[in-house]
Amino acid sequence: MIRFATLFDAIDRTTKTNEKLAALVQYFGHSSHADAAWAAYFLCGYKLRQLVPTKLLRIWAAEEANIPSWLFEESYHSVGDLAETLTLIVPPGEMLDDLSLSHWVEQRLMPLRTMEEADQRNAVIAIWQQSPMQVRLVILKLITGAFRVGVSKSIVTRAIAEHAGVSSDVISHRLMGVWKPTASFFEDLISKEVQDTIVSQPFPFCLAHPIDHELGPESIGPAKDFAAEWKWDGIRGQVIRRNEQVFIWSRGEDLMENRWPEIESAAQLLPNGTVLDGEILASLGENQVLPFAKLQKRIGRKTVSNKLLKEVPVVFQAFDLLQDAGEDIRSRPYSERRLRLDRLLSTIDHPSLERTQLLLGTTWDEWAKIRDRSRETNAEGLMLKRLDASYEVGRVRGVWWKWKVSPYTIDAVLIYAQKGHGKRSGLYTDYTFALWEGETLVPFAKAYSGLDDSEIKDVDKFVRQNTRESFGPVRSVAPALVMEIAFEGLQRSPRHKSGIATRFPRIVRWRHDKKPEDANTLAELMDLLPSIE
Amino acid sequence: MNNFLEYTSQGLYCIPGDFHIDPHSQVERAVVTHAHSDHAPWGCHKYLAAKPCEQLLRLRMSPEAEFRFIPYGEALSVGGVRVSFHPAGHILGSAQIRLEYQGQVGLITGDYKFGTDPTCEAWHPVRCHWMISESTFGLPIYRWPSQESVFQSINKWWQESRDEGNCCLLYGYAIGKSQRLLAGLDPTIGKIYCHGAVEKGNEAYRRTGIALPETTYVGSVTGKHDWRGAMVVAVPSVHGTPWVKKFGRCSTAMASGWMAVRGARRRRSVDRGFVLSDHVDWPSLLTAIDACNPETVWLTHGYTASVARYLVEQRRDARVLDSRGRSEVDQDAADEDASNERTNDSIDPFSGEAKTP
Numbered sequence: 044m045i046r047f048a049t050l051f052d053a054i055d056r057t058t059k060t061n062e063k064l065a066a067l068v069q070y071f072g073h074s075s076h077a078d079a080a081w082a083a084y085f086l087c088g089y090k091l092r093q094l095v096p097t098k099l100l101r102i103w104a105a106e107e108a109n110i111p112s113w114l115f116e117e118s119y120h121s122v123g124d125l126a127e128t129l130t131l132i133v134p135p136g137e138m139l140d141d142l143s144l145s146h147w148v149e150q151r152l153m154p155l156r157t158m159e160e161a162d163q164r165n166a167v168i169a170i171w172q173q174s175p176m177q178v179r180l181v182i183l184k185l186i187t188g189a190f191r192v193g194v195s196k197s198i199v200t201r202a203i204a205e206h207a208g209v210s211s212d213v214i215s216h217r218l219m220g221v222w223k224p225t226a227s228f229f230e231d232l233i234s235k236e237v238q239d240t241i242v243s244q245p246f247p248f249c250l251a252h253p254i255d256h257e258l259g260p261e262s263i264g265p266a267k268d269f270a271a272e273w274k275w276d277g278i279r280g281q282v283i284r285r286n287e288q289v290f291i292w293s294r295g296e297d298l299m300e301n302r303w304p305e306i307e308s309a310a311q312l313l314p315n316g317t318v319l320d321g322e323i324l325a326s327l328g329e330n331q332v333l334p335f336a337k338l339q340k341r342i343g344r345k346t347v348s349n350k351l352l353k354e355v356p357v358v359f360q361a362f363d364l365l366q367d368a369g370e371d372i373r374s375r376p377y378s379e380r381r382l383r384l385d386r387l388l389s390t391i392d393h394p395s396l397e398r399t400q401l402l403l404g405t406t407w408d409e410w411a412k413i414r415d416r417s418r419e420t421n422a423e424g425l426m427l428k429r430l431d432a433s434y435e436v437g438r439v440r441g442v443w444w445k446w447k448v449s450p451y452t453i454d455a456v457l458i459y460a461q462k463g464h465g466k467r468s469g470l471y472t473d474y475t476f477a478l479w480e481g482e483t484l485v486p487f488a489k490a491y492s493g494l495d496d497s498e499i500k501d502v503d504k505f506v507r508q509n510t511r512e513s514f515g516p517v518r519s520v521a522p523a524l525v526m527e528i529a530f531e532g533l534q535r536s537p538r539h540k541s542g543i544a545t546r547f548p549r550i551v552r553w554r555h556d557k558k559p560e561d562a563n564t565l566a567e568l569m570d571l572l573p574s575i576e
Numbered sequence: 050m051n052n053f054l055e056y057t058s059q060g061l062y063c064i065p066g067d068f069h070i071d072p073h074s075q076v077e078r079a080v081v082t083h084a085h086s087d088h089a090p091w092g093c094h095k096y097l098a099a100k101p102c103e104q105l106l107r108l109r110m111s112p113e114a115e116f117r118f119i120p121y122g123e124a125l126s127v128g129g130v131r132v133s134f135h136p137a138g139h140i141l142g143s144a145q146i147r148l149e150y151q152g153q154v155g156l157i158t159g160d161y162k163f164g165t166d167p168t169c170e171a172w173h174p175v176r177c178h179w180m181i182s183e184s185t186f187g188l189p190i191y192r193w194p195s196q197e198s199v200f201q202s203i204n205k206w207w208q209e210s211r212d213e214g215n216c217c218l219l220y221g222y223a224i225g226k227s228q229r230l231l232a233g234l235d236p237t238i239g240k241i242y243c244h245g246a247v248e249k250g251n252e253a254y255r256r257t258g259i260a261l262p263e264t265t266y267v268g269s270v271t272g273k274h275d276w277r278g279a280m281v282v283a284v285p286s287v288h289g290t291p292w293v294k295k296f297g298r299c300s301t302a303m304a305s306g307w308m309a310v311r312g313a314r315r316r317r318s319v320d321r322g323f324v325l326s327d328h329v330d331w332p333s334l335l336t337a338i339d340a341c342n343p344e345t346v347w348l349t350h351g352y353t354a355s356v357a358r359y360l361v362e363q364r365r366d367a368r369v370l371d372s373r374g375r376s377e378v379d380q381d382a383a384d385e386d387a388s389n390e391r392t393n394d395s396i397d398p399f400s401g402e403a404k405t406p
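So the sequence lines, in the order shown, correspond to chains W and Y.
Using this note's numbering, the letters of the first sequence correspond one by one to residues 44 to 576.
Using this note's numbering, the letters of the second sequence correspond one by one to residues 50 to 406.
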């Protein structure tokens, strides 16, 4: 466990990928397969289901620290991280033995979930007594399910690949989908032998880079090297047809079962050994895509009622073919894969399985004109794909590009502030913005990002000096600061005070030149609502 | 506050003695706990402080000012008030100020800490009727690790960086923290260099008779120099400025009590954060108050309201003195603001060292 905590520390304190990679490779090189499997599991972002209710952890920590619960809460607001507060607040313990990561997880942590409360309490207190700070933080992050450290799955993948001497594309593929963190899984993961594909296993997704708005599309090369299609705002997914079975995966590597019955039934028509990449969209068919808000009604529903099926029909718009008649064709150029996709899907007739439409054009100017119409079709802009490129793993530069339309922007007044978390703990960084409706300011969006460090410091100071009221951790401040807020889309929402919900709101710039009365009105926001709702 | 002390816009004022204690701005007569700029402002006419504070205070203040220094424990009568200084353990010459008037004993702790520090005399308790205590780190999340273990980590970091061919840049406030760091460094690992502001502090410490390892002023090194394996002790404000470029490949670290919290550590964007504070942590604060056992405690700096509420629940009479109280961020920001332009060795070194209101 000390080694895993040291690894966490080593990753946490550097921003350099090479140092993180070196620490990971070293860890995997010196760990048992069982430990390595658990480490990979946590580092890839998987969590244990909640082991102990956090409410109880707070109570026990306050008792151990001999402090009242209000002081625990004040400390928590100051630290901005629950596991860290639980670590710091209890006097440090002493590590009597150094059992392995897998032993800790399997013998000490997982059994917590099924214990009686009194036994849980004793076990947690024993953990506090037997852990110095560094180890304790990691253990409590595992217990609270908040284990996060600055590595991406792709860095973990590269580290395992380097340790195993196997290509990272292979490791990446083997890490897709659902797996159990066991010694035997890790043995298979790093094995140099070719393994049979697991029937349900998806391929790692190829991701797009944004085109720099300033530089424009000319910066990526001549238009003739690319194909263009609409960039829809839906759920990226892979549809797999193998062994008479159908699997639909989201980009977050969730296996989505029974959520999209229309797509499942369409996929039954595909020949075995087919993997499609595409987008799940709410659509009336024939490119009449509905706003994301409609699709949202179906997200998260484990089962779908007939009523909802009628109200929000979905389609799978395929844009790539990764496996064709059992053959992995990811290394073939896009132009060839697209032709094979067209050939395959032209034989299948189902309203819920479509292909993306390739947009006609040979110059950037022509595509720019088409792109200007994105909002009318509920698209976010265009996708540009290099004709001669293979299907890459992850966000590889130069292969796929997203050329989004400029976001909506509006000038709003900062009215509430709350302290942030993580690197921003202790600073007022989470803001609520409002627009005018007559003489009152109506809150319409929260934004957390967009300011640089020195601006954050200035706003933090402003908040401290201009607080009107405090509601728990939230402070209302004098309406004085105007900021330009950008967002990707908007929809009506009865749950919001303003009646409008915005998508991905963030701060573009601090409008020092504007006074609060110069901010926009709610009516002006309403005017931006899409014509097809 | 009571019959002989009041809290004014310029800070604490002793009525019968007609002097200010740790004033916020220029006053006629200042009795100061220590030489940091937020306790001893520039420009007062007269200063009274503890004897070991002399070199630091004279270095910082205008030579036109009048100074008087008295040894720890000795008393001086000012307008019928008996004034004496007692070690606070914060930095060299830091003192708690004891005031006795008409049978009432008051104690102003200034900044203070527990534990060993070879560069200054250790804190010891003073029984009193009322006490004004700092509470900069007055939350139970602040529990300092032992100084020995911190210096072990610092020296280990230096050794590893040296073996990797890196230069170490260790940040601490110019006066107090830096010299404490120097005293804990293992000079057998490599050569130690100091930023100008730190070096001036070193000289004052050495003149007072405090032993520090051999150091070299960075500015005295001319031409191309190989900095690999060296330890450079500097003020935090130079981090990320062109000044540090000359050292080539560096590993950077900050030594401060704030480094106990991961968010503060990450915000500094240094490679390492060492938890080393010259203030009392939560358990020491409670111990100190119990040891001095005052009838009333006033809290100043930091988490004053939380500490006061906690003490009241423990059946102590505790109050908040100071609504200027700084949070971590205020102090953090103040440290940086105070020393922003101080990237050049030749600029007055002493504004870069400590928190300023």
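It should be emphasised that the hints constitute simulated quantities derived from the structure, not laboratory data.
Quick reminder that beta carbons are idealized off the backbone N, C-alpha and C, glycines included.
Errors might be hidden in some of the hints.
As the list claims (entries may be wrong) - With a straight-line Cα cutoff of 25 Å, these simulated PhoX-like cross-link-like pairs (lysine-lysine) come out: (1) Y:K294 / W:K59; (2) W:K466 / W:K59; (3) W:K59 / Y:K295; (4) Y:K100 / W:K59; (5) W:K223 / W:K235.
As the list claims (entries may be wrong) - Okay, the calculated beta carbon distance ranges per label pair: (6) W:P96 / Y:G214: 22 to 32 Å; (7) W:P253 / Y:G289: 19 to 29 Å; (8) Y:S74 / W:K98: 46 to 56 Å; (9) Y:G214 / W:D561: 50 to 60 Å; (10) W:Q172 / Y:E344: 30 to 40 Å; (11) W:K540 / Y:D366: 38 to 48 Å; (12) W:V439 / Y:G289: 29 to 39 Å; (13) W:K353 / Y:G289: 56 to 66 Å; (14) Y:P291 / W:L258: 55 to 65 Å; (15) W:L258 / Y:G289: 47 to 57 Å; (16) W:P573 / Y:G289: 43 to 53 Å; (17) W:D431 / Y:G214: 37 to 47 Å; (18) W:E106 / Y:G289: 34 to 44 Å.
Here's how the hints hold up against the structure:
1. Between the alpha carbons of K294 (chain Y) and K59 (chain W) the distance comes to roughly 18 Å, so the proposed pair stays at or under 25 Å and holds.
2. For the suggested pair K466 (chain W) and K59 (chain W), the alpha carbons sit about 17 Å apart, so the restraint of at most 25 Å is met.
3. For the hint pairing K59 (chain W) with K295 (chain Y), the CA-to-CA distance comes to about 21 Å; that is within 25 Å, so the pair holds.
4. Of the supplied pair hints, the one linking K100 (chain Y) and K59 (chain W) is violated, its CA atoms being roughly 49 Å apart against a limit of 25 Å.
5. Between K223 (chain W) and K235 (chain W) the CA atoms are separated by roughly 20 Å; this keeps the pair inside 25 Å, and the hint holds.
6. Look at P96 (chain W) against G214 (chain Y): about 50 Å separates their beta carbons, and that is not inside 22 to 32 Å.
7. Separation of P253 (chain W) from G289 (chain Y) is about 28 Å and conforms to the stated range, judged on CB atoms against 19 to 29 Å.
8. Separated by about 48 Å at the C-beta atoms, S74 (chain Y) and K98 (chain W) satisfy the suggested range of 46 to 56 Å.
9. Separation of G214 (chain Y) from D561 (chain W) is about 56 Å and conforms to the stated range, judged on CB atoms against 50 to 60 Å.
10. Evaluation of the 30 to 40 Å hint for Q172 (chain W) and E344 (chain Y) yields a pass: the beta carbon distance comes to about 37 Å.
11. Distance hint check: the CB atoms of K540 (chain W) and D366 (chain Y) are about 45 Å apart, consistent with the given range 38 to 48 Å.
12. Taking 29 to 39 Å as the suggested C-beta distance range, the pair V439 (chain W) and G289 (chain Y) conforms, at roughly 32 Å.
13. Distance hint check for K353 (chain W) and G289 (chain Y): the Cβ-Cβ separation is about 59 Å, which falls inside the suggested range of 56 to 66 Å.
14. Checked against the hint of 55 to 65 Å, the pair P291 (chain Y) and L258 (chain W) fails, with Cβ atoms roughly 29 Å apart.
15. Distance hint check: the CB atoms of L258 (chain W) and G289 (chain Y) are about 28 Å apart, inconsistent with the given range 47 to 57 Å.
16. At about 45 Å, the beta-carbon gap between P573 (chain W) and G289 (chain Y) stays in the expected band of 43 to 53 Å.
17. Our hint of 37 to 47 Å for D431 (chain W) and G214 (chain Y) holds, since their Cβ atoms are close to 44 Å apart.
18. Under the hint 34 to 44 Å, the C-beta atoms of E106 (chain W) and G289 (chain Y), about 43 Å apart, fit the expected range.
Checked against the numbered hints above, the structure violates hints 4, 6, 14 and 15; every other hint is satisfied.
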